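Q: Protein chains in written order, with our numbering: chain B, 1 to 516; chain W, 1 to 311.
None of these hints come from the bench; they were simulated from the model. On a predicted model such as this, the values are computed, not experimentally measured, just so you know. Backbone N, C-alpha and C fix where the C-beta goes; we use that ideal spot for every residue, glycine too. A few of these clues could be false.
Stated by the list, open to error - A short, non-exhaustive set of chain W residues, derived as facing chain B with CB atoms under 7 Å:
1) 123
2) 124
3) 128
4) 173
5) 177
6) 180
7) 184
8) 193
Here's the letter readout for the chains.
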Amino acid sequence: MPADKRDIVALEGVTKRFPGIVANDGIDLSIRPGEVHVLLGENGAGKSTLIGMLSGLQQPDEGRILVDGKPTPITSPRHALALGIGTVFQHMMLVPTLTVAENLLLGGPWWQRPRTEELEARVAEITRSLGISVKLHAKVSELSLGEQQQVEILRAMVRNSRLLILDESTSMLTPKGIEELGALMRRLVGQGLAIVFITHKLKEAAAFGDRISVLKLGRKVGEIPPERFRTLSEQEIISEIVELMFGKQKDDPEAAERPTRTVRADAGPLLQVADLAVAPTENAPGLSSISFDIRPGEILGIAGIDGNGQKQLAEALAGQRAATGGSVRLEGTAIEALSVGERRRRGLRYLTDDRLGEGTVGAFPVSINFFLKQVGASPFWRGGVEQRAEIDRRAAQLVREYDVRTPSLKTPVARLSGGNIQKVLIARELAEGARAVIFNKPTYGLDLANTLASRQRIRDTAARGLAVLLISTDLEELLSMCDRIAVIANGSLVGTVANADDARTKVGRLMIGLAA
Amino acid sequence: MTGLFSEVFLGALLFGAVTAAVPLLLAGLGEQLSEKAGVLNIGIEGMMLAGAYLGFLGAFYSGSLWLGFLTGAAGGIAVALIMALLCVRIGLNQIVIGIALTLGLEGLTALLHHFQFSRSYPRLPAADATVIPLLSDIPVVGPAFFKHHLIVYLAVALVFAMGYLYRRTQLGLNLQAAGDKPAALDVAGIDVIRTRTIAVLTTGALAGLGGAYLANVGAGLFIPFITNGAGFLGIVLAMLARGRPVWVLFGALLFGVCLSLTTAMQVAGINIPTDIIQMLPFLAVMIMLVLFGRRASLPAALGIAYERGAR
Ligand SMILES: Nc1ncnc2c1ncn2[C@@H]1O[C@H](COP(=O)(O)OP(=O)(O)OP(=O)(O)O)[C@@H](O)[C@H]1O
Ligand SMILES: [Mg+2]
């Protein structure tokens with residue numbers, strides 16, 4: 001494909017190989033001002049790899065990148081920034097020990113004093129138009145992942161890029177936040193910016209895009225150019241994408257079907273939480289008098305805007321955060337005084353939303369990461385000695401069962417694509433002995449097929465008689481899976497509704513602070 | 001035993017404490033800098049030795065202490081250059097290289113010294129002190145703290161300069177990012193390798209200077225292995241100081257007192273076996289580690305080589 005004059009950045013036959021895998025295979029792409037170019041593809045398709053090359057982190061093995069029509073090797077992130085390419089990466093790129101302001105200032109000339117006042121003015125201007133609020137003086141480590149994502153988007157805005165790349169930047173935002181980001185993208189391309197937008201949510205692609213490219217196993221398998229895009233309805237676009245990605249036709253694959261599972265009303269609660277409280281920190285809300293019961297086979301959803309205590313709740317239940325009061329009972333036994341490990345042994349499992357941070361040890365192989373929480377325990381360790389064969393056998397089984405795309409069992413888990421790391425985590429937490437499982441945003445970053453599969457897996461989990469607590473900012477997800485949905489705001493549950501026909505409105509009303 | 005608590009004895013003890021603290025302070029500040037940037041610098045003992053050896057030669061042949069400090073710092077930088085090349089640029093294991101450098105320099109400096117001076121240990125003239133008017137007239141404290149070589153005051157000033165650097169400057173932010181999340185620094189457009197290299201070289205200069213002070217002012221001569229673990233004490237100080245230069249200063253003074261006490265007790269001829277007395281500073285290390293070691297917080301990417309785009 002010859003580069004077009006209108007392209008500010010174009011890729012010609014770009015190939016990138018990693019040991020054991022061709023991540024990008026002869027990709028052509030044209031990125032134009034005034035367009036939102038949506039990049040779609042299943043987990044591991046090679047989207048982030050492509051972004052890595054555009055932002056100077058990686059060099060293509062073959063092919064070339066043209067900037068303003070001239071072949072330009074993008075040699076470093078600094079070079080990319082100088083070319084006007086600003087990127088919000090899939091994995092957080094903030095320094096946790098610095099404040100938000102300091103993170104935004106990172107990259108200034110070293111001899112200067114950080115220009116805080118200037119930044120504050122600039123940020124105030126942008127946040128007003130973005131409709132977000134950012135705690136400039138909070139340490140990043142105290143922010144929720146959703147808030148961190150907002151900071152990263154803000155940072156890209158502060159830099160005045162002409163090409164803005166968003167790699168799954170909506171994965172942690174609320175429906176309202178996503179809408180606002182969409183509106184912002186439309187406004188920016190209106191001003192002549194070019195945007196590359198990666199998402200797994202096809203509705204977002206249809207709503208905010210101008211041009212769509214679909215990657216599959218490192219190859220570009222299709223493109224919908226703007227001329228065609230404009231003539232198609234949302235439904236037509238979605239079904240075309242689904243066909244390109246998965247080769248099968250389906251109307252709205254994500255359409256919420258309410259669960260038909262029935263929970264036995266006479267069963268006693270499996271997980272009981274009463275008056276659970278956690279002290280607030282400077283920048284994170286605490287929890288106050290959280291009470292709920294979950295019966296075997298039941299899925300209780302926790303809806304709410306990210307950063308309202310979801311993480312605190314999950315961690316307090318798992319034992320990773322000290323509770324200041326209240327009780328937690330599993331199968332009738334009080335567990336609030338037990339350690340993390342002991343709770344896990346008794347069947348309480350927690351799937352964190354922080355995959356790379358606390359979820360996995362990036363440099364360890366995939367196989368070990370499956371059994372991280374069983375280190376030292378038989379049958380994987382005997383007398384302190386690692387049982388390689390047993391670990392590998394079981395890991396291979398899990399890789400197959402959960403469809404983890406990995407070059408080998410020995411690959412360090414951080415090398416996998418985001419979605420595949422998540423699969424490793426899910427597989428680990430659902431392994432033997434689970435009685436009650438807490439899922440914190442279990443499907444963020446998963447492609448459609450994997451999202452559906454994971455949801456099915458969670459439903460199956462419940463159907464096996466486990467109690468499930470499902471924390472999510474995705475209302476569709478909650479509506480498609482839960483028996484009841486509780487809404488969390490500012491660290492307390494403001495109401496619980498049964499998942500009936502009017503649940504959507506009721507939850508919505510609770511979320512904006514009205515009574516259901 | 002009579003003189004133990006006399007004014008003179010106390011003054012000498014404190015004076016010795018400051019003299020002993022200065023190399024520790026410089027090493028600790030240096031180590032803190034490179035750890036901040038994510039490089040665990042175990043080679044600092046070697047850098048100090050190089051500084052002590054070359055610093056001594058510089059002062060011995062030129063007759064100028066300042067020139068000695070200069071050659072000492074250069075010696076530290078030379079060793080740091082190897083460290084930066086192997087560990088920062090090529091990404092080899094920092095601990096292995098650090099130990100190798102220390103052992104290598106111990107052997108090398110001893111060998112060179114032996115070649116040159118055989119078994120003689122020529123002395124330098126005593127360093128002249130910069131006496132601070134008024135303050136130095138205070139009894140006990142005055143002569144102990146305010147009658148030192150100019151470089152001592154500069155080293156203390158450096159503590160505050162470093163504090164300012166870390167908290168108030170862009171470079172300080174860059175250093176912290178290089179140690180805590182290098183990838184974030186890289187995508188912000190700052191070269192991680194360069195940032196870490198600068199940190200390691202500066203560490204080398206400070207350690208070299210510390211070594212030169214130890215030999216030229218502290219001892220007035222060079223003998224093989226003269227640093228005797230001062231670099232390692234610097235590492236301990238840096239780890240306990242949680243990124244704050246003032247804590248390095250306090251820690252260095254504390255160790256300085258212990259070291260000085262060791263000498264003083266030996267001189268005073270107290271009836272305790274010297275072996276036990278000489279254990280004092282290390283006992284202090286253990287106690288400090290037990291008391292504060294738990295709270296030591298180290299940068300997340302400490303000891304991990306950065307490679308762009310690797311996951
Ligand atoms: N630095 C690396 N070293 C080795 N393999 C890598 C590296 N980066 C990516 N890969 C591999 O390249 C493939 C593509 O990964 P990439 O992250 O681009 O996928 P993705 O499309 O962004 O997926 P996701 O939607 O899950 O984020 C994956 O199989 C991944 O394991
Ligand atoms: Mg990705």
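Q: Answer holds if the nearest beta-carbon of chain B is closer than 7 Å to that of residue 184 of chain W; otherwise answer violated.
A: Constraint on residue 184 of chain W satisfied, holds at 5 Å.
Q: The hint names residue 180 of chain W as touching chain B; please verify it with the least Cβ-Cβ distance against 7 Å.
A: With Cβ-Cβ at 5 Å, under 7 Å, it holds.
Q: Can we keep the residue 193 of chain W interface hint, with Cβ of chain B closer than 7 Å?
A: violated, 11 Å
Q: Hint validation: residue 124 of chain W versus chain B, beta carbon distance must be below 7 Å. Holds or violated?
A: With Cβ-Cβ at 38 Å, over 7 Å, it is violated.
Q: Less than 7 Å between beta-carbons is the criterion; does residue 173 of chain W satisfy it with respect to chain B?
A: holds, 5 Å
Q: At a threshold of 7 Å, is the proposed contact between residue 123 of chain W and chain B supported by beta-carbon distances?
A: violated, 43 Å
Q: For the hint on residue 128 of chain W, does the least C-beta distance to chain B fall short of 7 Å?
A: Violated. Min distance 36 Å.
Q: Return the status of the interface hint for residue 177 of chain W: holds when the least beta-carbon distance to chain B is below 7 Å, violated otherwise.
A: holds, 5 Å
In summary, the numbered hints that this structure violates are 1, 2, 3, 8.
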